[in-house]
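So the sequence lines, in the order shown, correspond to chains F and Y. In case it helps, my numbering puts the first sequence at residues 1 to 250. In case it helps, my numbering puts the second sequence at residues 1 to 292.
None of these hints come from the bench; they were simulated from the model. Because the structure is a prediction, the values reported are computed rather than measured. A few of these clues could be false.
With a straight-line Cα cutoff of 30 Å, these simulated DSSO-like cross-link-like pairs (lysine-lysine) come out [stated by the list, open to error]:
#1 Lys5/Y to Lys55/F
#2 Lys248/Y to Lys109/F
#3 Lys55/F to Lys131/Y
#4 Lys55/F to Lys106/Y
#5 Lys128/Y to Lys111/Y
#6 Lys118/Y to Lys109/F
#7 Lys54/Y to Lys55/F
#8 Lys253/Y to Lys109/F
#9 Lys118/Y to Lys239/F
#10 Lys109/F to Lys211/Y
#11 Lys109/F to Lys54/Y
#12 Lys109/F to Lys261/Y
#13 Lys105/Y to Lys109/F
#14 Lys21/F to Lys54/Y
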Amino acid sequence: MNKDKFQVPELDEHLMQTQIKQIVEQSVFARPAFSRQMAAMYSQISIRQIFADRKELSLVFLIGMFLFGWLFSMQHHLESEAVYTGLFLISPVLFLGFSLYSYWTRVEKDTYEVEMACKFNVYQLMAFRMLAFSVLSILVNSLFITLVAQVHPNIHFIRALMISLTSLFIFSNLFLWTLMKRHSLVTTAAMVFGWIFSNLLLHYGMGSLYGELLVQIPIVIYVLVLLGSLYVYGGLLKKYFDLRQMKGAV
Amino acid sequence: MLVVKEVSKQYGDFTALRDIQLEFETGLYGLLAPNGAGKTTLIKMLATLLYPTKGEVLYNGNNIIDMDSSYRELLGYLPQQFGYYKNYSPKQYLLYLSALKGISKKEALPKIIELLDKVALGDVVNKKMKKFSGGMVQRVGIAQALLNDPKILILDEPTAGLDPKERARFRNLLTDLARSRLVIVSTHIVSDIESIANEIIMIKNQQILYKDSVETICGTLDGAVFETSMEFEQLESFRQDHVLLSEKQEYGKMIVRFIHKETPLVDWLPVQPQLEDVFLYEYRDETNGTVQ
């Protein structure tokens, strides 16, 4: 009686590794890069829907403009150092207003669970909006500094811009970090008050020294701090985008 | 299709669910338990709103948390507390949610009109939702869960606020939907699911008590449910000795429905157990009578 002889092929290490890789690739869901996910959001959700609350955001914008207008009207009577400290304090104001409003309406409301169960969830939407708010803040701050530099003889445009951008991104990082660590509007509001209070304390406590310090720091240091802040901001924004991935939503 | 594999959920020292093992296929599943039994915790884990402390939930063999947005694309979810923006109309809100679900406006608009018609809101498409009754808001919630034609539809207490007519319409809608997808309905109202669910899941003491058809679950009380009538004065002592399922007054006498597992009296009428009987029996207060 002939029995079939089964030949077991010799295991080829390369083939084995290739097949393992294929199996893993097919079974593990690879997450696309942050930038690609943002681009996908932009292409799949219309800007009208990402900023569906345009009326409310416009109101926040007007309040921000009022603050800028107030500083602009005051700057004639202020020393250049005081204008720089004022800039450092209010540069994040638009970003703050937009982001706090977004957090309050998107995360703290009953709509949160419905939106978290969607393809693009609340944190992803918030991350996209915050990036847009940063860009808008940079534009508005730059425009404001241009106007101030035109009329105030001792304001140096590049220095003022560097102070403004550094302030914006240091604040944004603190804001994002607090949002991720505490998930609470109260804690975030406390951090915002901390920012304002510590700035005022430095301004009034140190007198003109604080302003002089901002003036004396070399531009290159501002550039380095700004680059570092931008790097941290990118990382924090990505973490915020993936927040649900780490913690679960509720 | 969807497998809950040895899932436990703890909140600090409190265990909400322990070693839950479930398998779901296409069809309608009723998750039935009293408030606080862990239904919403389980539902939220199936919707990826909560992560299990132990174990995992798999969809076609893949962990739903790893699947991330590709799982949520398949999901329709109505939470227990359906939130909405008061100044939005249903059309505006559903358009916004369609965008979050990755559906283009062109594709979403006819779908929204169709769904709002289906939940009898076709004539208030552009009315602000702040003027809506609780039942109307809930129907918007049901419509939004169906926007992406989900493969998995999870509804947490969907009939809250609906009147009897709306409930009946909703049951018909669910029956239709469950023919081609997995539908999980969490409720503590037995009549919502008794006649339409392929299987009922009951949770007790943080674990699965039953996962079976209505008939099989009712079968656990076969020969143990009776009805009898008595004078009102006798009721109190009868309550002490039996687990009463219902009491009603008829022609001056009390008609009671109760559980009895030993030899019955001749004038007791044996009746077919219903799902509500099992529910009331399993979740009875320990102080409410004893089973004989």
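Status of the hints after comparison with the structure:
1. Taking the CA atoms of Lys5/Y and Lys55/F, the gap is near 47 Å; set against the 30 Å cutoff, the hint is violated.
2. Distance hint between Lys248/Y and Lys109/F is unfulfilled; the C-alpha atoms sit about 43 Å from each other, more than 30 Å.
3. The suggested pairing of Lys55/F with Lys131/Y holds, with an alpha-carbon distance near 21 Å, which does not exceed 30 Å.
4. With a CA separation close to 24 Å, the supplied pair Lys55/F and Lys106/Y stays within the 30 Å bound.
5. Distance restraint check for Lys128/Y and Lys111/Y: the Cα-Cα separation of roughly 19 Å lies within the 30 Å cut-off, and the hinted pair is therefore satisfied.
6. Between the alpha carbons of Lys118/Y and Lys109/F the distance comes to roughly 27 Å, so the proposed pair stays at or under 30 Å and holds.
7. Between Lys54/Y and Lys55/F the CA atoms are separated by roughly 45 Å; this puts the pair beyond 30 Å, and the hint is violated.
8. As the CA atoms of Lys253/Y and Lys109/F are separated by approximately 51 Å, the hinted pair breaks the 30 Å bound.
9. Straight-line distance between C-alpha atoms of Lys118/Y and Lys239/F comes to about 40 Å, which puts the hinted pair past the 30 Å bound.
10. Proposed proximity of Lys109/F and Lys211/Y is contradicted: the alpha carbons are some 35 Å apart, above 30 Å.
11. For the hint linking Lys109/F to Lys54/Y, the alpha-carbon distance of about 29 Å falls within 30 Å, and the restraint holds.
12. Of the pairs offered as hints, the one joining Lys109/F and Lys261/Y is violated, with about 50 Å between alpha carbons and a cut-off of 30 Å exceeded.
13. With a C-alpha separation of about 25 Å, the suggested pair Lys105/Y and Lys109/F falls inside the 30 Å cut-off, and the hint holds.
14. Restraint check for Lys21/F and Lys54/Y: the C-alpha separation of about 28 Å stays at or below 30 Å, so the hint holds.
Of the numbered hints stated above, those contradicted by the structure are hints 1, 2, 7, 8, 9, 10 and 12, listed in ascending order.
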